[in-house]
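Participant: Sequence:
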Amino acid sequence: MRNNSTIAERVKALTLHADGVKLPQIEAITGIKRHAFYGLLKKAKSRGYTPGDDIEERHVGDALRVDHRKAIGEVEYEVIKEVVEKDFMSRSSSRFEVAHRVAEKLASVPGAVVRSRKTILRWLKANGFKNVKPTTKPKPTTKPGKNEARQERSPG
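Residue numbers (the numbering used here): 1 to 156.
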């Protein structure tokens, strides 16, 4: 089963069609199925092709593919880096707090695209940032310790 045809096959199919060749013969010669040929013809016409005229590459070429933008660009990365480095010594902020501060800061930076906190959280997690919990001091217990129990037994 074919996925794509080459530009040369597409040009040949349109040329044969313009010369009056029937679709079964076009399919046999080029390998382009009937349904695909009609799609090709429609696309070529929408790009300025008229049957009988010269066929240009823009009529039959592949469409330009738009790449997905990176979730976090250079400007956004610098803001995240600044916020994380500022908070690095205390390490008391969670990823959620960092994401909130980054989103607020991005709103005030010109040229930066404001991302959702969820996107920032995903980026932080993907780049190795982990939740850091501040250390807690142990609480005093109400149970008597070993030393207290010994003092009660000693004669007084």
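To be clear, the hints were calculated from the coordinates, so they are not data collected in a lab. Treat the hints with caution; some may be incorrect.
No farther apart than 20 Å at their CA atoms in a straight line, the calculated lysine to aspartate or glutamate pairs in the EDC-like style are these [what the hints assert, rightly or not]:
#, residue 1, residue 2
1, Lys125, Glu85
2, Lys12, Glu27
3, Lys125, Glu74
4, Lys81, Asp62
Pair by pair, the computed Cβ-Cβ distance ranges are [as the list claims (entries may be wrong)]:
#, residue 1, residue 2, range
5, Ala28, Thr50, 49 to 59 Å
6, Gly61, Arg122, 14 to 24 Å
7, Arg47, Val75, 34 to 44 Å
8, Glu104, Ala8, 53 to 63 Å
9, Glu27, Gly61, 40 to 50 Å
10, Lys118, Gly48, 17 to 27 Å
11, Gly128, Arg34, 49 to 59 Å
12, Thr119, Lys139, 31 to 41 Å
13, Ala8, Gly52, 46 to 56 Å
14, Pro138, Lys86, 28 to 38 Å
15, Lys43, Glu85, 46 to 56 Å
16, Val114, Lys22, 16 to 26 Å
17, Arg34, Thr6, 56 to 66 Å
18, Glu27, Arg58, 45 to 55 Å
Each residue gets a CB set at the ideal place from its N, CA and C atoms; glycine is no exception.
Participant: Indicate, hint by hint, whether the structure satisfies it.
Facilitator: The hints, checked one at a time:
1. Lys125 with Glu85: Between lysine 125 and glutamate 85 the Cα gap is close to 16 Å, so the pair holds against 20 Å.
2. Lys12 with Glu27: holds, 11 Å
3. Lys125 with Glu74: holds, 18 Å
4. Lys81 with Asp62: Violated. Lysine 81 to aspartate 62 sits at ~40 Å, over the 20 Å cutoff.
5. Ala28 with Thr50: 49 to 59 Å: Since the Cβ atoms of alanine 28 and threonine 50 sit about 26 Å apart, the hinted range of 49 to 59 Å is violated.
6. Gly61 with Arg122: 14 to 24 Å: Violated: the Cβ-Cβ distance is about 36 Å, outside 14 to 24 Å.
7. Arg47 with Val75: 34 to 44 Å: With Cβ atoms ~36 Å apart, the hint holds.
8. Glu104 with Ala8: 53 to 63 Å: holds, 55 Å
9. Glu27 with Gly61: 40 to 50 Å: violated, 21 Å
10. Lys118 with Gly48: 17 to 27 Å: About 43 Å separates the Cβ atoms of lysine 118 and glycine 48, which means 17 to 27 Å is violated.
11. Gly128 with Arg34: 49 to 59 Å: holds, 53 Å
12. Thr119 with Lys139: 31 to 41 Å: holds, 39 Å
13. Ala8 with Gly52: 46 to 56 Å: Between alanine 8 and glycine 52, where Cβ atoms are some 19 Å apart, the hint is violated.
14. Pro138 with Lys86: 28 to 38 Å: About 30 Å separates the Cβ atoms of proline 138 and lysine 86, which means 28 to 38 Å holds.
15. Lys43 with Glu85: 46 to 56 Å: holds, 51 Å
16. Val114 with Lys22: 16 to 26 Å: violated, 57 Å
17. Arg34 with Thr6: 56 to 66 Å: violated, 18 Å
18. Glu27 with Arg58: 45 to 55 Å: Once the Cβ atoms are compared, 24 Å apart, the range 45 to 55 Å for arginine 58 and glutamate 27 is violated.
Hints 4, 5, 6, 9, 10, 13, 16, 17, 18 from the earlier list are contradicted by this structure; the remaining hints agree with it.
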